[in-house]
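**Student:** Below are the chains, spelled out letter by letter.
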Amino acid sequence: MTILNRIAGARPGTNGRISRLLTIELVVFVLFALMPLLSGLVWSEDDSFFWIVFTTKVLILSLFGLSFDLAWGYAGLMSFGQALFFGGAGYVVAVMSRDLGISSIFIVLPVAVAVGLVLAMLLAAFLLSGSRTPSIIFIAFGTLTGSYAGERLARAWYYLGGQNGVSITKALTIGDMPLYEGVGFYYLALGFLVAAYVGCRILVRSQFGLVLAGIRDREERITFLGYKVQLTRAIVFTLSGAIAGLGGGLYAFHEGFVWPALMGPIYSTQAMLYVILGGVSTLIGAVIGVAAIEFATIILIDYLRDFWVIILGFLLLLVIMFRPMGLLGMLVSNRERIGSFRWRGANSKSDTRGD
Amino acid sequence: MALLEVKGVCKTFGKLVALDAVNLTVENQQFHGLIGPNGSGKSTLLKSIAGAERPEEGTLSFLGEDISTTPPAIRARRGMSLKFQITSVFNLLSVYDNILLSLQAAHSLLSLAGSRSRQKLHTQVLDTLSEFGIEARADDLAGNLSHGEQQWLEIAMALAPGPRLLLLDEPTAGMSPEERRVTGELLRPIKERCSMLIVEHDLDFIKDLSDVITVFDQGQVLDNGTPEQIENSERVKEVYLTRV
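Chains A and B supply the protein sequences, listed in that same order. Numbering of the first sequence is given in the numbering used here, commencing with residue 1185 and proceeding in unit increments. Numbering of the second sequence is given in the numbering used here, commencing with residue 10 and proceeding in unit increments.
Misleading hints may appear alongside valid ones.
[Said to hold, decoys possible] Listed below are the simulated DMTMM-like cross-link pairs for lysine to aspartate or glutamate, each with C-alpha atoms no more than 25 Å apart in a straight line:
| id | chain 1 | residue 1 | chain 2 | residue 2 |
| --- | --- | --- | --- | --- |
| 1 | A | K1354 | A | E1404 |
| 2 | B | K216 | B | E140 |
| 3 | A | K1412 | B | D232 |
| 4 | B | K24 | B | E36 |
| 5 | B | K129 | B | E144 |
| 6 | A | K1412 | B | E140 |
| 7 | A | K1412 | B | D75 |
| 8 | B | K216 | B | E14 |
| 9 | A | K1354 | A | E1365 |
Hint data in this document are derived by calculation from the structure and do not stem from the laboratory.
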């Protein structure tokens, strides 16, 4: 319980009660952990392999969704540029693999994280260093421009493969062991998603998370307490870029190629839709949103073909109009979503309402 | 050396002159009251001192350093604390978390990410809540407090980090007579800990608290002195006391 409580932001002294949000998180990750085992019981070997590979893509895209939730849901930065970090990292590792023959996970993933981090840091420095508080529109257009420029650059630059992108012919390797699509890659992706998720969860329920909650609640007030709002936001945005970069590096090797749209506004918007559907400022909403959209798409597209995109668009509009807090908003209260930052040591008064 | 020195500060909003060459000094451990009719520039001066407004002319010195262009967050870190006129507590956070947010502001972001001071600040948070009589509401959302309680919470937040100068903009606005009395009692012992610049409409409330009162009219300092001097000032009687 101690570790779970730490992840949930609850402190000792809460009588071991697990909140609804934590229950949802546990169910989601247990289902992901059991999926390869259960799929063998439900489907034929070929079908099982297909679903494992597909769910691996969902896990990787969950990192992408998580990065957007961190930027928008916690730092209040409406980023239309998450794909720049995701696709940018994908391109760099693809080119490294093609030109330098590098496919070791110990080089590829740190580089992918670094690319996402540096790109996000540069964009944050540009957008957040002004003397005035930047508006949502300024942030949205600024990040959109970055994403658009990245896609145009990739499309036009011969070295980056132009329209065709860059193929990756080598598998990701751990030491001498190649990691192909399938169960191994699945658990690798799940491991990174869980690690990133737990890290983000601890951060947003830490005292730093309290600052973020304060910024979201009353940005104009918190400055007068002595907080450097834009620096705090820049740090979170940079972290979100690093997580998107990690996802981009994994995605490039899992899919076997990268293409210009991976850096562009369409993918950036996709990250946003995942989070809006799943539930903003919840972290797990991002994962649920990715799973809901990707699974619904792959299952229903066979039956509904061209209509599916229209139906998906309509469903998202309904969510935005009637459930602005997304699917999680129906299950988890605002109070639980924000959490309590009170220290709940052995001698402190027991109260679990916020957790 | 004075704690705060305001020299020749001017601020305009379009054609409206909100502050016209204002001079003001706050000494250490002094309660300094600011009174004046609506629109006389009191709140604008307070906001200018805190950094919410930037004067076009003049200088502001705090602890002997020029802070005229210093960002509000840095002014707060140097020991200046502001309570806004309109209550602006963090409605979506608990009362406890509001105080914690105020107390931890001086800590580095890295240490906050590791929640290193959460345990250490716990007692301080409870003590602050207890001092202002809102400890029973610690786990309630700040947005669910009554208006008076929100005002006390905000004063508690301003005071919690141990500022050198507390800037209070109408701390009793919208309060019942009983709440005003309690607020006065809460503020009186603070004198031992810091200086205070307090904007108020209620002369009876402010004269009991203040060592010095400055009277404003139309963006200018009309008079300045002890509460007794101000009560007996002919200029003040003429311009202010007859109007309010």
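**Student:** Are the hints correct? Go through all of them and say.
**Tutor:** For each hint, the structure was consulted:
At roughly 51 Å between alpha-carbon atoms, A/K1354 and A/E1404 are farther apart than 25 Å, so this suggested pair is violated. Proposed proximity of B/K216 and B/E140 is supported: the alpha carbons are some 23 Å apart, at most 25 Å. Of the supplied pair hints, the one linking A/K1412 and B/D232 is violated, its CA atoms being roughly 38 Å apart against a limit of 25 Å. Restraint check: the Cα-Cα separation between B/K24 and B/E36 comes to about 33 Å, which exceeds 25 Å; the hinted pair is violated.
About 18 Å separates the Cα atoms of B/K129 and B/E144, which keeps this hinted pair within 25 Å; it holds. At most 25 Å may separate the alpha-carbon atoms for a hinted pair to count; A/K1412 and B/E140 exceed this at roughly 28 Å. For the suggested pair A/K1412 and B/D75, the alpha carbons sit about 20 Å apart, so the restraint of at most 25 Å is met. Annotation: proposed proximity of B/K216 to B/E14 holds, straight-line Cα distance about 22 Å (limit 25 Å).
For a cut-off of 25 Å, the pair hint linking A/K1354 to A/E1365 stands: about 12 Å separates their Cα positions.
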